[in-house]
Amino acid sequence: MENCLRIRVSGADATIEWSQETPTRLIVRPIGKPAELRTPNGPGTLPLARRASRIVAGHPEGFHEGFATIYSDAAEAMAARRVGLDPDPLAMHFPTAWDGALGVKFVEAVIQSSQNASAWTNAMLES
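Basically the numbering used here = 1-based index in the sequence shown + 782.
Just so you know, not all the hints are guaranteed correct.
As the list claims (entries may be wrong) - Derived Cβ-Cβ restraints for the label pairs, each shown as a range:
#1 Ser792 to Met874: 47 to 53 angstroms
#2 Ala850 to Glu818: 44 to 50 angstroms
#3 Val892 to Val838: 33 to 39 angstroms
#4 Ser801 to Ala905: 37 to 43 angstroms
#5 Ile852 to Asn823: 20 to 26 angstroms
#6 Ser801 to Phe845: 45 to 51 angstroms
#7 Gly840 to Val892: 22 to 28 angstroms
#8 Glu818 to Phe845: 20 to 26 angstroms
#9 Arg836 to Ala899: 32 to 38 angstroms
#10 Gly814 to Ala899: 40 to 46 angstroms
#11 Ser854 to Leu828: 27 to 33 angstroms
I should point out that these hints are in silico values taken from the structure, not numbers from a laboratory. For glycine and all other residues, C-beta sits at the position ideal for the given N, C-alpha and C.
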């Protein structure tokens, strides 16, 4: 563990445990009851907290931010090209149509390999 910060707080009714290694998990241990795992937007989330949450249960923190960065960079590149400017080179690190085609070809190769007793299957995309 690189930096294992753990916090445990015990009260009259329960103990809560949190670890920096798994920051989206909170363990609640009510006295005399089974432990409960609390996650963002998971079971037990109060309505006000659910309304304020921007992530779907099961997705890690940063999920939305990652996609927002991709969309923002792609929009910046398209806007620059639309007005005849070169886009900021730092905004040019988003997936392209070619990247998408490579992903589809890979999935097709995995399926084909599975249907052929795991035989090696070429996943190269012809240009």
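Each hint tested on the structure:
1. Ser792 to Met874: 47 to 53 angstroms: holds, 52 angstroms
2. Ala850 to Glu818: 44 to 50 angstroms: violated, 31 angstroms
3. Val892 to Val838: 33 to 39 angstroms: violated, 26 angstroms
4. Ser801 to Ala905: 37 to 43 angstroms: Holds: the Cβ-Cβ distance is about 39 angstroms, inside 37 to 43 angstroms.
5. Ile852 to Asn823: 20 to 26 angstroms: holds, 22 angstroms
6. Ser801 to Phe845: 45 to 51 angstroms: violated, 20 angstroms
7. Gly840 to Val892: 22 to 28 angstroms: 23 angstroms Cβ-Cβ, so the 22 to 28 angstroms window holds.
8. Glu818 to Phe845: 20 to 26 angstroms: Holds: the Cβ-Cβ distance is about 23 angstroms, inside 20 to 26 angstroms.
9. Arg836 to Ala899: 32 to 38 angstroms: violated, 44 angstroms
10. Gly814 to Ala899: 40 to 46 angstroms: violated, 54 angstroms
11. Ser854 to Leu828: 27 to 33 angstroms: holds, 31 angstroms
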